[in-house]
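Enquirer: Fit chain F with the ligand to the given chain G structure using the hints.
So you can see what is in the structure, the chains are spelled out below.
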Amino acid sequence: MNDIPDDVLKKAAAGGLESFEAVYKSLSGFVYNVAFRVVNNRQDAEEVTQEVFLTMYRRLKDFRFESSFKTWVYRITVNHAINYGRKASRGKNRSFEYDDEMQVTVTPGVVEAEIEKEYVNTVVEKLLGAISPEQKACMVLRGMEGLSYKQIAEILEVNINTVRTRLRRAREILLSLRKKVEYERV
Amino acid sequence: MNECRKFRDVILTDYLDGELDKESRERLEAHLSVCTACRIFAREAKEQLGDSFKEVRPEPVPEELWRNIRGRIEAENRTRDIAGEILERVFKPFLRPQLVPAYIVFLVFFFSGAFVAHNRIKLVTEIEQGRYLMSTLGEEASAEGLENANLGTAIEEYFL
Ligand SMILES: [Zn+2]
Numbered sequence: 004m005n006d007i008p009d010d011v012l013k014k015a016a017a018g019g020l021e022s023f024e025a026v027y028k029s030l031s032g033f034v035y036n037v038a039f040r041v042v043n044n045r046q047d048a049e050e051v052t053q054e055v056f057l058t059m060y061r062r063l064k065d066f067r068f069e070s071s072f073k074t075w076v077y078r079i080t081v082n083h084a085i086n087y088g089r090k091a092s093r094g095k096n097r098s099f100e101y102d103d104e105m106q107v108t109v110t111p112g113v114v115e116a117e118i119e120k121e122y123v124n125t126v127v128e129k130l131l132g133a134i135s136p137e138q139k140a141c142m143v144l145r146g147m148e149g150l151s152y153k154q155i156a157e158i159l160e161v162n163i164n165t166v167r168t169r170l171r172r173a174r175e176i177l178l179s180l181r182k183k184v185e186y187e188r189v
Numbered sequence: 049m050n051e052c053r054k055f056r057d058v059i060l061t062d063y064l065d066g067e068l069d070k071e072s073r074e075r076l077e078a079h080l081s082v083c084t085a086c087r088i089f090a091r092e093a094k095e096q097l098g099d100s101f102k103e104v105r106p107e108p109v110p111e112e113l114w115r116n117i118r119g120r121i122e123a124e125n126r127t128r129d130i131a132g133e134i135l136e137r138v139f140k141p142f143l144r145p146q147l148v149p150a151y152i153v154f155l156v157f158f159f160s161g162a163f164v165a166h167n168r169i170k171l172v173t174e175i176e177q178g179r180y181l182m183s184t185l186g187e188e189a190s191a192e193g194l195e196n197a198n199l200g201t202a203i204e205e206y207f208l
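Chains G and F, in that order, are what the protein sequence lines are. Position 171, counted from 1, in the first sequence is what my numbering calls 174; the numbers after and before it change by one each time, with no gaps. Position 149, counted from 1, in the second sequence is what my numbering calls 197; the numbers after and before it change by one each time, with no gaps.
One chain only, chain G, in its complex shape (with noise of 0.2 Å):
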């Protein structure tokens, strides 16, 4: 995530529109690529990503400066995308559903390293499809942004220990999930 000037921050807040598609721009990578690991699918992150920057226009101005932004988007953006992966993932059985789909498909023609580079994303794209939203948020917080723990708990309002569970949990189903990946592949 760039740092945006205060100056542009201020400007945004109080409502000027050029100002917030500077604050967009920076941000708006982070905030689809977080809500398209949780929610899963580009059309939910398309939304989401819509929701995520209309609150944050209507919030700026209450927005306290010496807190940290960046907090303060994460949580926005995770918040929001929890919520939606939720919505879609209710009264669905979510654990180990495609298994039949499990397979990877390669377009033909693609270089050894577009390959392997699709090939880890694809892996990637049906792994987190099946955990639970709170799950990927923290996984994606962690292994995406790199956040430790401390910080993870703070974005997400929860106890520290929830963190390691959620982790630990997500872990477990993506090893168990990942083994019959490779074992396909072979």
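Please keep in mind that the hints were generated in silico from the structure rather than gathered at the bench. Remember, predicted model here, so these are calculated numbers, not experimental data. Check before you lean on any hint, since a few could be wrong.
Stated by the list, open to error - Derived PhoX-like pairs (lysine-lysine); straight-line CA-CA distance at most 20 Å: (1) Lys-70/F with Lys-54/F; (2) Lys-153/G with Lys-70/F; (3) Lys-14/G with Lys-64/G; (4) Lys-14/G with Lys-28/G; (5) Lys-14/G with Lys-73/G; (6) Lys-182/G with Lys-94/F.
Claimed, not checked - Which bits of chain G does chain F cover? Going by a derived footprint, with three or more residues having C-beta under 8 Å, they are: (7) 48 to 59; (8) 169 to 179.
Claimed, not checked - Every beta carbon over 10 Å from chain G, so not counted as near; a handful from chain F, in silico: (9) Leu-64; (10) Asp-69; (11) Ser-81; (12) Thr-84; (13) Asn-116; (14) Arg-120; (15) Thr-127; (16) Leu-143; (17) Leu-147; (18) Gly-161; (19) Ile-169.
Ideal Cβ placement from N, Cα and C applies to all residues, glycine included.
Expert: Frame of chain G; chain F with the ligand shown alone:
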């Protein structure tokens, strides 16, 4: 075995994420040096989960997203402006300090009116109750008398 379970929980969390303090780390390493099963588990966990996300390529943000967001913000701002204008036009003329005495007079009239109405209802109820009392006593009750005079007196007269 139970001990291994605890160490594996640590391996899947603090160990993988480099969050272990020196003491816990030494304790885990001591266990790994004597427990082959946990050593294999730790190695596999590191290989499989170590950097699941590091190689993931970021998804490009769709082009039209900002246009949509901007459009929604502008629509919201317009609605707010319209609401503000309505408020301004309809209610502002009534919010002048010169009108305060008029409002006070109005409120006094309103509440005294409500007070009178309330008492009247109470009186009517008392009269009704009086009638009922009279009829149960089997006496001839003059409705006129009741309505004209006040009830307390009528009853007093009867009992005295
Ligand atoms: Zn062991």
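Enquirer: Against this structure, judge whether each hint is valid.
Expert: The hints, checked one at a time:
At most 20 Å may separate the alpha-carbon atoms for a hinted pair to count; Lys-70/F and Lys-54/F meet this at roughly 17 Å. Between Lys-153/G and Lys-70/F the CA atoms are separated by roughly 18 Å; this keeps the pair inside 20 Å, and the hint holds. Taking the CA atoms of Lys-14/G and Lys-64/G, the gap is about 10 Å. The hint holds against a cut of 20 Å. With a CA separation close to 15 Å, the supplied pair Lys-14/G and Lys-28/G stays within the 20 Å bound.
Distance restraint check for Lys-14/G and Lys-73/G: the Cα-Cα separation of roughly 17 Å lies within the 20 Å cut-off, and the hinted pair is therefore satisfied. A threshold of 20 Å between alpha carbons decides the hint, and for Lys-182/G with Lys-94/F the separation of about 13 Å falls inside it, so the pair holds. With 6 residues having a beta carbon nearer than 8 Å to a beta carbon of chain F, the region 48 to 59 of chain G meets the requirement of three or more and the stated coverage holds. By the rule of at least three residues with a Cβ nearer than 8 Å to a Cβ of chain F, the coverage given for the region 169 to 179 of chain G holds, with 6 such residues.
For Leu-64/F, the condition that its CB be more than 10 Å from all CB atoms of chain G is violated, with the nearest at approximately 7 Å. Against chain G, the non-interface label of Asp-69/F holds: every CB pair exceeds 10 Å, the least being about 12 Å. The claim that Ser-81/F lies off the interface holds: its Cβ sits roughly 23 Å from the closest Cβ of chain G, which is beyond the 10 Å cut-off. Annotated as non-interface, Thr-84/F keeps its C-beta farther than 10 Å from every C-beta of chain G; the closest such distance is 18 Å.
Distance check on Asn-116/F: its Cβ comes as close as 6 Å (rounded) to a Cβ of chain G, failing to clear the 10 Å threshold; non-interface status is violated. The non-interface label for Arg-120/F is inconsistent with chain G: the shortest C-beta to C-beta separation is roughly 6 Å, within 10 Å. Every beta carbon of chain G lies more than 10 Å from that of Thr-127/F, the smallest distance being close to 13 Å; the non-interface claim holds. The beta carbon of Leu-143/F is kept farther than 10 Å from every beta carbon of chain G, the shortest such distance being approximately 25 Å.
At the 10 Å boundary, the C-beta of Leu-147/F stays outside the reach of chain G, the nearest C-beta of that chain being 33 Å off. Chain G leaves Gly-161/F outside its interface by the beta-carbon criterion, the shortest separation being 44 Å against a cut-off of 10 Å. Look at Ile-169/F: its CB is around 49 Å from the nearest CB on chain G, clear of 10 Å, so calling it non-interface holds up.
The structure is inconsistent with the numbered hints 9, 13 and 14, although it conforms to all the rest.
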